[in-house]
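J.: From first to last, the protein sequence lines are chains A and B.
Using this note's numbering, the letters of the first sequence map in sequence onto residues 1 to 261.
Using this note's numbering, the letters of the second sequence map in sequence onto residues 1 to 258.
Honestly, the hints are just simulated from the structure, not real lab data.
No experiment lies behind these values; they were computed from the predicted model shown.
Accuracy of the hints is not assured; some may be wrong.
[Unchecked claim] Quick partial rundown of chain A residues pointing at chain B, CB under 10 Å, derived from the structure: (1) 4; (2) 49; (3) 52; (4) 78; (5) 81; (6) 92; (7) 96; (8) 98; (9) 108; (10) 143; (11) 147; (12) 225.
[Claimed, not checked] Covered stretches of chain B, as calculated for chain A (at least 3 residues, CB under 8 Å): (13) 13–19; (14) 22–36; (15) 90–104; (16) 161–170.
[Claimed, not checked] Each computed DSSO-like pair below joins lysine-lysine, with the alpha-carbon atoms no more than 30 Å apart: (17) B:203 <-> A:125; (18) A:134 <-> B:96; (19) A:125 <-> B:21; (20) A:56 <-> A:150; (21) B:28 <-> A:56; (22) A:189 <-> A:16; (23) A:240 <-> A:189; (24) A:150 <-> A:134; (25) B:28 <-> A:189.
Here a beta-carbon is modelled for each residue, glycine too, at the ideal position from N, C-alpha and C.
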Amino acid sequence: MNNDSVAICVENVTQKFRVIHERPDTLRELFSKFFRKQVTYHEFEAVSGVSFTVRKGEIVGLIGRNGSGKSTLLKIVAGVYRPTTGQVLVNGTLAPLIELGAGMHHELTGRENILLNGLLMGYSKEEMLSREQKIIEFADIGEFIDSPVKQYSTGMYMRLAFSVATEVNPDILVVDEILAVGDFSFQEKCFDRLRSFREAGKTILFVTHSMGQIEEYCDRAILLEKGRLTVEGSAAEAIKAYLGDAAVEEPILVETPSPRA
Amino acid sequence: MTELFRDTFRYRELIWALALKELKIRYKRSILGFLWALLNPMLLMLVLTAVFSTLMPTQQVHYPVFLLSMLLPWTFFSQSLSYAAESIVGNGDLIKKVRVAKLVFPVAAVVSNMINLLLSMIPLALIVVAMRHPFHLTWLYLPVPILALTILTLGATFFFAAVNVYYRDVSHILQIVLQVWFYVTPIIYSLDYIPQKYRIYFKLNPIIYVMNGFRLGVYYGMLPTWESVVASFVCAFAALYFGFWVFRRRQHEFVFYV
Numbered sequence: 001m002n003n004d005s006v007a008i009c010v011e012n013v014t015q016k017f018r019v020i021h022e023r024p025d026t027l028r029e030l031f032s033k034f035f036r037k038q039v040t041y042h043e044f045e046a047v048s049g050v051s052f053t054v055r056k057g058e059i060v061g062l063i064g065r066n067g068s069g070k071s072t073l074l075k076i077v078a079g080v081y082r083p084t085t086g087q088v089l090v091n092g093t094l095a096p097l098i099e100l101g102a103g104m105h106h107e108l109t110g111r112e113n114i115l116l117n118g119l120l121m122g123y124s125k126e127e128m129l130s131r132e133q134k135i136i137e138f139a140d141i142g143e144f145i146d147s148p149v150k151q152y153s154t155g156m157y158m159r160l161a162f163s164v165a166t167e168v169n170p171d172i173l174v175v176d177e178i179l180a181v182g183d184f185s186f187q188e189k190c191f192d193r194l195r196s197f198r199e200a201g202k203t204i205l206f207v208t209h210s211m212g213q214i215e216e217y218c219d220r221a222i223l224l225e226k227g228r229l230t231v232e233g234s235a236a237e238a239i240k241a242y243l244g245d246a247a248v249e250e251p252i253l254v255e256t257p258s259p260r261a
Numbered sequence: 001m002t003e004l005f006r007d008t009f010r011y012r013e014l015i016w017a018l019a020l021k022e023l024k025i026r027y028k029r030s031i032l033g034f035l036w037a038l039l040n041p042m043l044l045m046l047v048l049t050a051v052f053s054t055l056m057p058t059q060q061v062h063y064p065v066f067l068l069s070m071l072l073p074w075t076f077f078s079q080s081l082s083y084a085a086e087s088i089v090g091n092g093d094l095i096k097k098v099r100v101a102k103l104v105f106p107v108a109a110v111v112s113n114m115i116n117l118l119l120s121m122i123p124l125a126l127i128v129v130a131m132r133h134p135f136h137l138t139w140l141y142l143p144v145p146i147l148a149l150t151i152l153t154l155g156a157t158f159f160f161a162a163v164n165v166y167y168r169d170v171s172h173i174l175q176i177v178l179q180v181w182f183y184v185t186p187i188i189y190s191l192d193y194i195p196q197k198y199r200i201y202f203k204l205n206p207i208i209y210v211m212n213g214f215r216l217g218v219y220y221g222m223l224p225t226w227e228s229v230v231a232s233f234v235c236a237f238a239a240l241y242f243g244f245w246v247f248r249r250r251q252h253e254f255v256f257y258v
């Protein structure tokens, strides 16, 4: 495969977590546990041996039940976690939307947060200042931009965070379920922007529980089950496998159709 | 080590923004704002001067100048450590959601306290003038001990920031250690008061070599011997090397423990 056409390449990635039973959080606990030799833990594989490739310009959905390792995988791709084994190659700039407003500080004003957020994502001050106006316009929060973020409504807060993350014009966007929140018009605005991202040939990897969104936006979908990749294929195939599986094992949990589906 | 310098340079804008954020938040909602950076050491100096001029028979002339010349660098050191110990844990939410070089947090803590230190040199200069203490040319030498102190402090902050991720007791223990350390360091007194036979133990304290330059330059108008300058940089770089070594080895694990 031509390397230039690959945006994200995940090779045999495994992420183990040490789940310590009552991890000693203080020295006293450590000492008492040490002398009684009770520091016990088990290793838990959140993601095991997952490999897949996302080509440039593709929109790939990541589906699976709670605890199937979707978010962990997304964090590995975003570089938050360093995988226990395996490799991740990312080709281009990547903006993580793991949680809206992760880099926001409540005491700082919206304007100050735009700069801080951008710097945290690795952009230069100059770049952020040149984009500031556009970010403020998209977020549409008026004169609140110079008030501390703690006075914002949830909607304003999220509009600002989304605006910062997408206005910096990344090559790859990694999105974790965040689009399920916010009011309808905000969601519409977000999806409009995702659409324009797709039209601009950008790559998006996103986690969602809405099968409607998967069908509507994704070129392909990946199904994770207990940390393993079980289906990689067209959106329809993955959904079928996922829903079929859910119907057998979880008959009570009927997938709610998304409002637009 | 090269990684440290490279990343510090690479993330300089972020470090600066984080440092300013810290200062902004520290003085938020206070009427005097940044003035507190200047007032705090002054008020502490007043208290200590009042206490020690009544307790200590052999007074140093211009005791406030004598005291502040060491108290200010000490405040920088101890505040940086207290802030940095919490810097990784305190930014846990961020570390869990954004890919970011971890070293920016302790470095930013040191930078914000450095701004404080530099600002507090202004009231020190004012007091020197007010007390008619001679304004020595050796003030020009101060950047040298400031550099050594910064390097030493960075080393210590990396170490404490890293271990505090694993054991939160560290930040509490650190407060006690700093208290004791304050009294065994000749800050409020001079090493001359210590009987000769005990002096050797006081000289085991690495920070006195680093801070000595401040008192010599500001109070005595003298320059340290080259041996003590070398000793101060050896201590400083040893601390930085060790501290960053611990931090670097563990930094990729922080995200799992914060």
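J.: All the hints need checking, so say for each whether the structure fits it.
T.: Hint by hint, here is what the structure shows:
The criterion of a C-beta within 10 Å of any C-beta in chain B is not met by residue 4 of chain A, whose closest approach is roughly 23 Å, and the hint is violated. A hinted interface residue such as residue 49 of chain A counts as satisfied when its beta carbon comes closer than 10 Å to some beta carbon of chain B; here the least separation is about 20 Å, so the hint is violated. Look at residue 52 of chain A: its Cβ only gets to about 20 Å from chain B, farther than 10 Å, so that hint breaks. Using the Cβ-Cβ criterion of 10 Å, the hint placing residue 78 of chain A at the interface with chain B is satisfied: the shortest such distance is roughly 6 Å.
The beta carbon of residue 81 of chain A comes within 6 Å of a beta carbon in chain B, closer than 10 Å, and the hint placing it at the interface holds. The interface hint given for residue 92 of chain A is violated, since its Cβ lies 14 Å from the closest Cβ of chain B, which is over the 10 Å cut-off. Taking 10 Å as the C-beta contact cut-off toward chain B, the hint placing residue 96 of chain A at the interface holds, the least distance being around 6 Å. The interface hint given for residue 98 of chain A is met, as the beta carbon of that residue sits about 5 Å from the closest beta carbon of chain B, less than 10 Å.
The beta carbon of residue 108 of chain A is positioned within 10 Å of a beta carbon in chain B (closest approach about 6 Å), and the interface hint is therefore held. At its closest, the beta carbon of residue 143 of chain A sits 20 Å from a beta carbon of chain B; the interface hint therefore is violated under the 10 Å criterion. Given hint, residue 147 of chain A at the interface with chain B, is violated; its Cβ is 13 Å from that chain's nearest Cβ, farther than 10 Å. Because the smallest distance between the Cβ of residue 225 of chain A and any Cβ of chain B comes to about 23 Å, over 10 Å, the interface hint for this residue is violated.
With a threshold of 8 Å between beta carbons, the proposed coverage of the stretch 13–19 of chain B by chain A holds, since 4 of its residues qualify and at least three are required. With 3 residues having a beta carbon nearer than 8 Å to a beta carbon of chain A, the stretch 22–36 of chain B meets the requirement of three or more and the stated coverage holds. Only residues whose C-beta sits within less than 8 Å of a C-beta in chain A count toward coverage, and the stretch 90–104 of chain B has 8 of them, enough to reach three; the restraint holds. Under a criterion of three residues with beta carbons nearer than 8 Å to beta carbons of chain A, the stated coverage of the stretch 161–170 of chain B is upheld, 3 such residues being counted.
In summary, the hint linking residue 203 of chain B to residue 125 of chain A is not supported, as the alpha carbons are separated by about 46 Å, beyond the 30 Å threshold. At most 30 Å may separate the alpha-carbon atoms for a hinted pair to count; residue 134 of chain A and residue 96 of chain B meet this at roughly 28 Å. Restraint check for residue 125 of chain A and residue 21 of chain B: the C-alpha separation of about 15 Å stays at or below 30 Å, so the hint holds. Restraint check for residue 56 of chain A and residue 150 of chain A: not satisfied, since their Cα atoms lie roughly 38 Å apart, outside the 30 Å limit.
Taken as a hint, the residue 28 of chain B and residue 56 of chain A pair is broken in the structure, with Cα atoms around 46 Å apart against an allowance of 30 Å. For the proposed pair residue 189 of chain A and residue 16 of chain A, the alpha carbon gap of about 37 Å is over 30 Å, so the pair is violated. Only pairs whose Cα atoms come within 30 Å are accepted, and residue 240 of chain A paired with residue 189 of chain A is accepted, the gap being roughly 29 Å. A hinted pair counts as satisfied when its Cα atoms are at most 30 Å apart, and residue 150 of chain A with residue 134 of chain A qualifies at roughly 22 Å.
Among the hinted pairs, residue 28 of chain B with residue 189 of chain A is inconsistent with the structure: their alpha-carbon atoms are about 35 Å apart, more than 30 Å.
Checked against the numbered hints above, the structure breaks hints 1, 2, 3, 6, 10, 11, 12, 17, 20, 21, 22, 25 and satisfies the rest.
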